[in-house]
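Protein chains: 2
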Amino acid sequence: MALPPAERLARLRLARSENVGPATFRDLLDHFGNARDALDALPELAARGGSKRRLKIAHPADAEAEITAIEKMGGKLLVLGSEHFPERLATLDPPPPVISVLGDISKANGKSIALVGSRNASAAGRRIAGEMAEALGAEGFTVVSGLARGIDTAAHRASLATGTVAVLAGGLDIVYPEENRDLQKLIAERGALVSEMPPGTSPQARHFPRRNRLISGLSLAVVVIEAALRSGSLITARFALEQGRDVFAVPGSPLDPRAQGANKLIKDGAPLVENAADVIAALDTPLGHRFREPEPPSYAPRAASRSETDQDSRARILAALGPTPTPADDIIREAGVSVPELRAVLLELELAGRLHRDPGDRVSLLPEA
Amino acid sequence: MALPPAERLARLRLARSENVGPATFRDLLDHFGNARDALDALPELAARGGSKRRLKIAHPADAEAEITAIEKMGGKLLVLGSEHFPERLATLDPPPPVISVLGDISKANGKSIALVGSRNASAAGRRIAGEMAEALGAEGFTVVSGLARGIDTAAHRASLATGTVAVLAGGLDIVYPEENRDLQKLIAERGALVSEMPPGTSPQARHFPRRNRLISGLSLAVVVIEAALRSGSLITARFALEQGRDVFAVPGSPLDPRAQGANKLIKDGAPLVENAADVIAALDTPLGHRFREPEPPSYAPRAASRSETDQDSRARILAALGPTPTPADDIIREAGVSVPELRAVLLELELAGRLHRDPGDRVSLLPEA
Chain A
309 MALPPAERLA
319 RLRLARSENV
329 GPATFRDLLD
339 HFGNARDALD
349 ALPELAARGG
359 SKRRLKIAHP
369 ADAEAEITAI
379 EKMGGKLLVL
389 GSEHFPERLA
399 TLDPPPPVIS
409 VLGDISKANG
419 KSIALVGSRN
429 ASAAGRRIAG
439 EMAEALGAEG
449 FTVVSGLARG
459 IDTAAHRASL
469 ATGTVAVLAG
479 GLDIVYPEEN
489 RDLQKLIAER
499 GALVSEMPPG
509 TSPQARHFPR
519 RNRLISGLSL
529 AVVVIEAALR
539 SGSLITARFA
549 LEQGRDVFAV
559 PGSPLDPRAQ
569 GANKLIKDGA
579 PLVENAADVI
589 AALDTPLGHR
599 FREPEPPSYA
609 PRAASRSETD
619 QDSRARILAA
629 LGPTPTPADD
639 IIREAGVSVP
649 ELRAVLLELE
659 LAGRLHRDPG
669 DRVSLLPEA
Chain B
309 MALPPAERLA
319 RLRLARSENV
329 GPATFRDLLD
339 HFGNARDALD
349 ALPELAARGG
359 SKRRLKIAHP
369 ADAEAEITAI
379 EKMGGKLLVL
389 GSEHFPERLA
399 TLDPPPPVIS
409 VLGDISKANG
419 KSIALVGSRN
429 ASAAGRRIAG
439 EMAEALGAEG
449 FTVVSGLARG
459 IDTAAHRASL
469 ATGTVAVLAG
479 GLDIVYPEEN
489 RDLQKLIAER
499 GALVSEMPPG
509 TSPQARHFPR
519 RNRLISGLSL
529 AVVVIEAALR
539 SGSLITARFA
549 LEQGRDVFAV
559 PGSPLDPRAQ
569 GANKLIKDGA
579 PLVENAADVI
589 AALDTPLGHR
599 FREPEPPSYA
609 PRAASRSETD
619 QDSRARILAA
629 LGPTPTPADD
639 IIREAGVSVP
649 ELRAVLLELE
659 LAGRLHRDPG
669 DRVSLLPEA
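First to last, the sequence lines map onto chains A and B. Read in our numbering, the first sequence has 492 at position 184, and its numbers run on one by one without any break. Read in our numbering, the second sequence has 333 at position 25, and its numbers run on one by one without any break.
Simulated from the structure, these hints should not be mistaken for lab results. Wrong hints could be hidden among the right ones.
One copy or two, either will do: identical chains are not told apart, so a pair holds if it fits within one copy or between any two.
In silico BS3-like cross-links for lysine-lysine, where the CA-CA straight-line distance does not exceed 30 Å [as the list claims (entries may be wrong)]:
#1 Lys384 x Lys419
#2 Lys384 x Lys360
#3 Lys415 x Lys360
#4 Lys575 x Lys384
#5 Lys384 x Lys572
#6 Lys364 x Lys380
#7 Lys572 x Lys419
#8 Lys572 x Lys493
#9 Lys419 x Lys364
#10 Lys415 x Lys364
#11 Lys380 x Lys360
#12 Lys364 x Lys575
#13 Lys493 x Lys419
#14 Lys575 x Lys493
#15 Lys384 x Lys364
No experiment lies behind these values; they were computed from the predicted model shown.
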């Protein structure tokens with residue numbers, strides 16, 4: 309299914325417009341059927357959500373320039389619904405609206421395992437990551453990680469020959485960390501680099517959760533190798549569970565703070581793994597939470613099929629929302645509205661910069677600017 | 309319930325007689341109701357089992373001497389069925405026929421946790437054991453261990469002030485290991501030393517499994533702290549599971565051979581614990597295999613109620629037995645006999661030195677001497 313070039317450009321513009329996150333992008337596509345109509349409706353939707361000023365909508369020339377920049381690097385920009393968009397990412401809830409890829413991403417559609425862990429990993433932790441990545445590669449698995457120092461670096465290096473995918477927090481053209489300059493180039497040549505961000509984006513703290521979500525999203529399972537409590541690796545593990553992926557953990561001494569996150573995962577029920585053989589055995593266990601590949605929903609363009617939300621429902625939804633993150637299901641019950649009605653009002657609020665989405669499908673109202 | 313002195317002496321003699329292990333001791337008591345009648349029957353039973361020579365039966369003077377020796381040390385000899393015999397040991401299948409105790413064993417009837425692990429423990433492992441023992445003691449738990457180097461030593465030291473019980477593989481009067489001479493004395497004064505062996509017995513390799521069985525038997529749960537694959541600590545863990553006790557394990561790096569046994573236990577389903585709080589929480593979990601204290605069976609003396617096994621049943625049991633360890637249930641089915649019939653024949657064979665009992669209630673025939 310090839311996406312018409314105009315719709316592809318419109319989807320990229322929609323994704324790069326102000327206040328359009330993955331959930332709003334998906335809801336806009338659902339609601340309008342195509343990005344062209346959604347773009348046209350953005351100003352009115354934002355105004356209805358309470359925005360006092362004009363929403364910044366991405367300019368067609370800027371979107372064209374992004375596509376050109378990526379193609380000049382030898383990469384590809386893939387919008388949701390286009391032919392080679394990784395199926396496993398299209399089934400995420402919500403899926404990433406746009407990814408750019410340098411290298412061959414097709415391997416990530418097969419048997420992929422994410423290896424994640426601490427930046428300041430111990431020599432033992434790096435060795436475990438390297439041995440596990442190499443052995444998984446020998447068994448035909450693609451290794452997915454985040455190109456950070458420590459565990460990620462060891463995992464990528466050991467799987468360069470067999471298949472490795474690095475998800476970047478910044479743009480494809482940004483080298484980060486600097487010490488991995490050569491490795492990043494090698495992965496682009498032999499494996500694949502993936503990013504949700506436009507070229508030129510420097511990785512910042514707020515980008516890492518989105519990167520982590522793609523690492524688990526591309527994988528059948530996530531192995532946490534060394535991770536402190538409250539670490540990015542545990543965030544990846546949480547995403548993995550929300551996405552229905554398996555989470556495995558490599559234990560360590562209770563006296564090593566780098567082991568506490570992984571040990572906690574095991575306490576919470578994650579299978580303990582010591583090596584690739586354990587990972588493969590755990591994937592095959594009938595009692596495991598083995599991820600069953602769902603059919604990705606269709607993101608093919610279609611004509612708009614708008615249903616209006618009446619002012620009364622809108623008022624009840626606003627009354628049910630507050631500064632405390634609340635499950636969307638509770639809002640639906642309290643306001644007595646349908647899922648499409650709630651979604652329509654939430655996306656207006658998000659476009660107006662008044663909504664915050666939390667993990668677990670919870671939403672809260674931000675104070676008016 | 310006080311045991312008459314004559315029956316107490318007879319039980320000690322029975323326990324110290326040739327080829328009388330804990331299972332045979334229990335079966336003889338079940339069969340004859342009292343040790344006096346069992347002792348009288350021993351020669352005939354052994355002959356019926358195929359013994360060509362006279363069974364060595366413990367002399368009354370030797371049994372008296374054993375009791376005197378222990379009382380001179382300030383200790384007590386407790387035979388199964390006597391007043392202060394620890395209830396948790398009386399419920400074992402089979403229970404130890406005789407224990408001797410130096411110190412106050414009564415605490416082991418309450419909340420006891422066994423901490424076991426490697427002799428050549430790491431400094432980190434010893435620290436974990438010490439901190440866990442101290443914190444468990446502060447919460448009112450008695451710590452049970454085996455007085456070996458490493459983990460055991462750290463656990464006993466840290467619980468001297470709150471309650472500690474050491475089970476010895478040799479006699480109460482034998483200091484082992486030599487480096488723990490002072491600690492052994494302190495435990496006798498402030499906690500308790502327990503042994504199944506008569507005074508003067510040097511600990512030998514074959515004694516350690518029986519020691520390990522009492523360590524788990526005295527405890528609600530066993531915590532394995534550092535243990536290699538195929539270590540004594542894993543034997544203790546296996547006994548614990550057979551006895552219905554909880555088994556918990558402290559994880560370690562997969563690259564540390566001392567962690568592999570504990571990690572394997574976690575893979576096999578043992579809860580991962582990092583500290584005393586985790587142990588207490590795991591004990592309380594409704595999904596845990598929490599040990600429910602059963603009522604101990606009565607080992608009060610009674611008159612003999614012998615039922616004879618006919619020659620035909622005996623022949624069928626012998627035909628069903630062979631050099632391969634076979635579950636007792638299979639023998640019962642194959643030979644078409646009752647449980648009491650099988651037990652009677654097995655104890656004759658054991659007294660004749662022709663039977664070997666394996667864990668899991670399996671038995672095999674030894675070649676005739």
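Status of each hint after checking the structure:
With identical chains, the CA atoms of Lys384 and Lys419 are at most 30 Å apart within one copy only, with a shortest distance of 22 Å there and 65 Å across copies. In this assembly of identical chains, the alpha carbons of Lys384 and Lys360 never lie at most 30 Å apart, being 37 Å within a copy and 89 Å across copies at closest. In the homo-oligomer, the alpha carbons of Lys415 and Lys360 never lie at most 30 Å apart, since the shortest distance is 46 Å inside one protomer and 74 Å across protomers. Neither within a single protomer nor between protomers do Lys575 and Lys384 lie at most 30 Å apart by alpha-carbon distance, with minima of 42 Å and 43 Å respectively.
In the homo-oligomer, the alpha carbons of Lys384 and Lys572 never lie at most 30 Å apart, since the shortest distance is 39 Å inside one protomer and 45 Å across protomers. With identical chains, the CA atoms of Lys364 and Lys380 are at most 30 Å apart within one copy only, with a shortest distance of 27 Å there and 94 Å across copies. In this assembly of identical chains, the alpha carbons of Lys572 and Lys419 lie at most 30 Å apart whether taken from the same copy (26 Å) or from different copies (26 Å). Taking the shortest Cα distances, Lys572 and Lys493 never come within 30 Å of each other, neither inside one copy (35 Å) nor across copies (39 Å).
With identical chains, the CA atoms of Lys419 and Lys364 are never at most 30 Å apart, being 40 Å at best within one copy and 67 Å at best between copies. When the C-alpha separation of Lys415 and Lys364 is checked against a cutoff of 30 Å, the pair qualifies neither within a copy, at 37 Å, nor between copies, at 74 Å. Neither within a single protomer nor between protomers do Lys380 and Lys360 lie at most 30 Å apart by alpha-carbon distance, with minima of 39 Å and 95 Å respectively. In this assembly of identical chains, the alpha carbons of Lys364 and Lys575 never lie at most 30 Å apart, being 47 Å within a copy and 53 Å across copies at closest.
Only within a single protomer do Lys493 and Lys419 lie at most 30 Å apart by alpha-carbon distance; the minimum there is 23 Å, versus 60 Å between protomers. Taking CA atoms no more than 30 Å apart as the test, Lys575 paired with Lys493 passes in neither setting, with 38 Å inside one copy and 38 Å between copies. In the homo-oligomer, the alpha carbons of Lys384 and Lys364 lie at most 30 Å apart inside one protomer (25 Å), although the nearest pairing across protomers, at 88 Å, exceeds that limit.
Comparing the model with each numbered hint stated earlier shows that hints 2, 3, 4, 5, 8, 9, 10, 11, 12, 14 do not hold.
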